[in-house]
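A.B. asks: One letter stands for each residue in the lines below.
Protein chains: 2
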Amino acid sequence: MRDVAIIGVGITKFGELWDKSFRNLISEAGTKAILDAGIEGKDIDALYVGSMSPGRFVGQEHIGALVADCSGLDTLHIPATRIEGACASGGMALRQAYISVASGINDIVVVGGVEKMTDVVGGEATNILAMAADQEWEAFFGVTFPGLYAMIARRHMYEYGTTREQMAEVAVKNHENGLLNPNAHFHRKITVEDVLNSPKVADPLTLLDCSPISDGAAALILAPLDEARKYTDKIVKIIGSGQASDSLALHGREDICTLRATVEASKQAYKQAGIEPKDVDVAEVHDCFTIAEILAIEDLGFVKKGEGGKAVEEGMTRLDGEIPVNPSGGLKAKGHPVGATGIAQAAEIVLQLRGEAGKRQVKDAEIGLTHNIGGSGASCVVHIMEVI
Amino acid sequence: MRDVAIIGVGITKFGELWDKSFRNLISEAGTKAILDAGIEGKDIDALYVGSMSPGRFVGQEHIGALVADCSGLDTLHIPATRIEGACASGGMALRQAYISVASGINDIVVVGGVEKMTDVVGGEATNILAMAADQEWEAFFGVTFPGLYAMIARRHMYEYGTTREQMAEVAVKNHENGLLNPNAHFHRKITVEDVLNSPKVADPLTLLDCSPISDGAAALILAPLDEARKYTDKIVKIIGSGQASDSLALHGREDICTLRATVEASKQAYKQAGIEPKDVDVAEVHDCFTIAEILAIEDLGFVKKGEGGKAVEEGMTRLDGEIPVNPSGGLKAKGHPVGATGIAQAAEIVLQLRGEAGKRQVKDAEIGLTHNIGGSGASCVVHIMEVI
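Sequence order for the protein chains is A and B.
Position in the first sequence (first residue = 1) + 285 = my numbering.
Position in the second sequence (first residue = 1) + 285 = my numbering.
The following block holds chain A by itself, in its conformation from the complex:
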């Protein structure tokens, strides 16, 4: 397999973007990535795009061809493929794009992620997101995603003494980081008290424990490492890629406080990269709920199982901490247009490794990690990148 580099990134503003359509968003992100890489349309060999449920959110399937078309790439007749893995759709699309370049079948590849979530009314977005859970054995009985993660949170509190305050600290930190990210959905400082006193969504989780419903898109340009220098001096190499699955329903797992998919995917990625968790300088992890970030730093091996809450409380994951986590603001503050998330995470890590992350720059970041979850943990994709 060939080495693969990321030579361009593009990202839109995330938020409730009433004036931007699905097509606007993905073509904006793609164009920005193409300009960032300094490539031309005719250089592109293939396109991949991650999106969770455009069929329900905007009434459109056949997303690969749509994105090629609305980005003006239709006359190139390149392969254009959509990947779906619920909220891990973006991460999975990156992995397929990576494999295709590593295999030698493609050279320059554009990979995007997109979701337009605010064109549906009322609670419909919650119903659509519930399709990432087991429709027959979970959603049918009325459980929604806050409910599933609330069960995990409650069990984690019982098993390990994790506190509501520790979970709230995740939201506080990520909102602080989001203030420094011009593309973030939220620019609002919050306190632990704000989180605890915000409306209850699914006990013990409150509104400010939950990531928002956002519109947005992100894109990356991949190239064989050997050719990357033709386009840029700021080369970020993908040194590890892992993906794993688990039972779709929470009740199918031995232990709901551990996401086995995270453990297995990160094992693969660490092994390929030849590094250990302690070697990671910065990480973007899947904090769809505050408890999810605590699980992530445990299951990725940054801390021991059960010690995630304490680590957050002690500031280990802050911008100036031992392993800064979610400098972008994470899903919580940057926003969570589900199909875009995995690609946006990678875009943030690339900016961090290039030293272009502005006010939220992590000092001396050389190795970064992305962690993208689908559903309540039935899918996970982990990528590790290094600046060279």
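Source of the hints: derived by calculation from the structure; they are not laboratory data.
Among the hints, a few may not be true.
Identical chains share a label here; the pair holds if one copy fits it or two copies do between them.
Claimed, not checked - Dumping the calculated BS3-like pairs for lysine-lysine here, alpha-carbon to alpha-carbon at most 30 Å:
| # | residue 1 | residue 2 |
| --- | --- | --- |
| 1 | K595 | K552 |
| 2 | K648 | K474 |
| 3 | K552 | K327 |
| 4 | K556 | K305 |
| 5 | K327 | K556 |
| 6 | K327 | K590 |
| 7 | K563 | K644 |
| 8 | K327 | K589 |
| 9 | K519 | K589 |
| 10 | K515 | K648 |
| 11 | K552 | K515 |
| 12 | K327 | K515 |
Dock chain B against chain A, hints included.
C.D. replies: Here is chain B on its own, set in the frame of chain A:
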């Protein structure tokens, strides 16, 4: 890139299967393929699945993890990825699975395709299928898939003198072949008069010019060629893989009588295989409407542009013809559970090349081709296989 072989195939009955769920169908096909290959669950490195719109047809996304789970593979924690490309979802899934084995990242891979289309009521299936077209510029204005292909048919008749009778001959031939396929949706001999006299759907197309709405699934097992002999003596090698895109809407194309995506995808596949169209012994092509099979044999280079209708009339594509096309009965008679179709085509070619196609066996078939279209031709995937 490594050489890749198909070492196992599985397919369900296609039809209106009221007693089978989405989960039943894909796990049945996968299990049959695993048994056919003689592998065990623990041998499997990854799973890919093609499905067009399970979010609308059965209210479930996150299909990769679902399929791993309902097939009993969840405890393996393997990567499980869904691919979507409208009616080309199956072909695209096969291509991603192929690339992943060729790259060296995976050894044994299961790739499935599935659609459960009959759980929705009334005209809803037509609305869902319309999401394969351009929702904003085609479907919104009321055109459905029969309407799009009717426009192509009318233009083809005008440009090349193709007749209604020639189109009807496609349906007659495919229904004849379907009679010999125990898994086919329809087992009913029809005549040219039956086609012409059946209810008009979208002028000039009648009901019997259209493929049906079906439930069904199919699966394949892929392995590196070097390891294939460990499992089987009946080795079918993938010698060419091509994929291309085109404008999503029909009006974006220079010429609606040529599907450029077919031309480009087949060029890639022929080049990789080092063969010419005349070397193909048997082909499964995307006859979602009768006119589509005529376009396919032209765009694949079996005959010159404009001569497809005449070739069908003269019997060139019959089971005993020069290039037998759709020995399985094709989408028209075998059925068209959209996400399953690309995988089912490959399963048929594997059976033909192994000499295991029973009463519909094509004599001395050594090289076979599959041709899978998404929408009105915005996506196309072509694979070429050879028995060795």
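A.B. asks: If a hint holds in the structure, say so; if it does not, say that too.
C.D. replies: Hints, one by one, checked against the model:
With identical chains, the CA atoms of K595 and K552 are at most 30 Å apart within one copy only, with a shortest distance of 24 Å there and 59 Å across copies. Taking identical chains as interchangeable, the C-alpha atoms of K648 and K474 lie at most 30 Å apart only when both belong to the same chain, with a minimum of 23 Å there against 73 Å between chains. Taking the shortest Cα distances, K552 and K327 sit within 30 Å of each other only across copies (18 Å), while inside one copy they are farther apart (37 Å). Taking the shortest alpha-carbon separations for K556 and K305, neither the intra-copy value of 41 Å nor the inter-copy value of 41 Å comes in at or below 30 Å.
For the identical chains of this complex, K327 and K556 are inter-copy neighbours only, at 20 Å across copies versus 36 Å inside a copy, given an alpha-carbon limit of 30 Å. Proximity of K327 to K590 under the C-alpha cut-off of 30 Å is restricted to the inter-copy arrangement: shortest distance 28 Å between copies versus 49 Å within a copy. In this assembly of identical chains, K563 and K644 lie within 30 Å of each other by CA distance solely inside one copy; the values are 24 Å within and 62 Å between copies. Only between protomers do K327 and K589 lie at most 30 Å apart by alpha-carbon distance; the minimum there is 29 Å, versus 48 Å within a single protomer.
In this assembly of identical chains, the alpha carbons of K519 and K589 never lie at most 30 Å apart, being 34 Å within a copy and 49 Å across copies at closest. Proximity of K515 and K648 under a CA criterion of 30 Å is satisfied intra-copy only: 28 Å inside one chain copy versus 52 Å between copies. For the homomeric pair K552 and K515, the shortest alpha-carbon distance between copies (29 Å) is at most 30 Å, but the shortest distance inside one copy (33 Å) is not. Taking the closest pair of Cα atoms, K327 and K515 come within 30 Å of each other only inside a single copy of the chain (15 Å); across copies the shortest separation is 43 Å, beyond that limit.
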